[in-house]
Amino acid sequence: MTRAGTAALLLLLTQLNASAFWFRGISDKKAESMLGEMSADFEKGDCRAVVELSQGLFNEKPPSAIRERAYSYLGRCYETQGSYDKAITVYKLARGLYPENDLFSERLAVIYLRTGFYDLAVPLFEKVLEGRSDDIEGNSSLARCYASLGFLSKAKLYYSRAAILGDFSDLALLKEYAAQMLRKRDWEEAGLIADYGVKLAPGESFFYEVRARTSAGRGDYKAAAGYMRSAIKLAPSDADLTLELALIELLGGDPEGALVYVPAEVPGHNALSLAIRGMALHKKGEGALALDCFKGAAASGEPFIASFAAALMKHPAN
Amino acid sequence: MILCGLLLVPAFCAVRAQEQGLPKDGEMLRELMWDKLVQTKPPARPSVGLALSGGGARGFAHTGVLEALDYAAFPVDYVSGTSMGSVIGGLYASGMSVPDIWKFSRATSTIRASKDFRRIKVLSLLITNKLITPTYITRFIEENLGSLTFEKLKKPFSCVAMDFRTGEKIIFSDGPLAVAVRASVNLPGIFAPVEYRHRYLVDGGVADFIPVDAARLLGADWVMASVTAGISNELPENVLTSLLQVIDIRGSMLAASEEKEADFVIKPDVGEVKMADFDHCQEAGKAGLIEAAKRIDAARESYLIFSAPRLLEAL
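The listed protein sequences derive, respectively, from chains A and B. Numbering-wise (this note's numbering), the first sequence opens with residue 1 and increments by one. Numbering-wise (this note's numbering), the second sequence opens with residue 1001 and increments by one.
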């Protein structure tokens, strides 16, 4: 929608409200009936009809309570249609008219979160949580906003609330929470969430990987390797896991162990496997072979791996 | 798999993938090599210097940068600072935790650092032809850093001032800390020069806005600069704001050339927070954290690549 279109929509909505205030038009009964139709269309998912009906309804200058509900249907329909700018216009207007109705703040916050305007979403979610501090979705959404902005301590607070309120039963939330705690290098919290995750979904390799990462972060590569082996048992065909185990073995001081898990060629992962292999061979004192691996990885074009491998070639032994 | 799995928030995952263009293999290598790197100490890894620029109230963005570095466990072996960077850097080098530095920025309006600026009466400055002493800023520095010397700090630290008579850049890295920081944050033309070691010292920002050299002199092999340069788009209203704007412009010009000497630069967008806008320190700090959070993975990669040969040796 163009800026002019948004402005026109806003103008139409505000004018209708002003005129509705001064010149009450439609009968309550007719307005109720039109709103009933909107509601039915909304429930059926017929957003085109909702939008058309809303225009008719607003033209009839309905009572305030009816308009409030009409805005909620209209806004959510715009969301469904992906017309976020129109939905934002509706919700902003409705928030001004009905400040006590949290729905408009919440929907506006959700749109800002979806579209990446996390800084705009934060105060809205905070307002929603003022009234409903036990709202799981509100807490997890606020956590997500803070995490995306880099405010990881604040994110932890709200992830924790959401997880506790949901009795640690939401697998996706636990994964997200654990991931952010790894990012924060909060090994204790990440490990705790991984424990809940293993209890909830014992067949998920993910939480064993989290445990492996927390152990590696603490410098306990032996424990990390153990957890990675558990993860591989649960997902034996996953080449990523095997390469990660190889790297952990290498970092734990076992280049022979690393070479067991990293063949010369791993389809789709050649750059990483060459880099790991090269480091393991270097550690074993096989400089010429290591250099070949580094050259291969450096030529891969993989953004970080190529530069890192090229830098490894600068080691005096190479 | 883990690093792809770790970024489970779809929008967040998409944003990160777009920003960084990294395949998951690269992320896995980065994360695990980083864990190893931060477990080592110099000389097994290159030493890291953190150079904090001037910028007045905008300099509080450094607080957010420090928080992002903390989350990443980014090693900081040496710290240097100019002007407000010397205040934040001095507190950080003294061992003050990042949450406590945030408290300091929150308290700035109550300790009335900005009051020193508000009490500047342009007319009286012109009539009396006498520069003023920043009572509140001096008191704050004395209270927080007064008992310390450079030698007593937890991390090696240096700060930069300028000799008002010669234009020389003066780097302090020994002796009492408070007077050196006071000199580094001492705006010329408004506050009277600080007399110390036979010199008349004013804000280092007009001579060395980003003290990258000072960090290297301390011993840093790799230097990250946190830069809060920026010129207000508004036209100055009076003699005082004109002077501040000139200092700002001078700082930004210096920053443009000095940041090239750093190995990595973080430049928070502090928007319209002005040099003397001490009531908006918190906004500057948040801007610092947001920008540093966006750039921290690139910073880690840059330092990992720089460290690779030594890291290979340490395996």
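Treat the hints as calculated values from the structure; they're not laboratory data. You may find that some hints are simply not true.
[Claimed, not checked] Straight line, CA to CA, 25 angstroms or less: simulated SDA-like cross-link-like pairs of lysine to any residue:
| id | chain 1 | residue 1 | chain 2 | residue 2 |
| --- | --- | --- | --- | --- |
| 1 | B | 1169 | B | 1261 |
| 2 | A | 314 | B | 1315 |
| 3 | A | 284 | B | 1313 |
[Stated by the list, open to error] Stretch-level coverage of chain B by chain A, calculated; a stretch enters the list once three of its residues show a Cβ under 8 angstroms from a Cβ in chain A:
| id | stretch |
| --- | --- |
| 4 | 1175–1182 |
| 5 | 1288–1302 |
All values reported here derive from a predicted model rather than from experimental measurement. From the three backbone atoms N, C-alpha and C, an ideal C-beta is built for every residue, glycine too.
**Study point:** Indices of hints not satisfied (ascending)
**Key:** Result: hint 4 breaks, nothing else.
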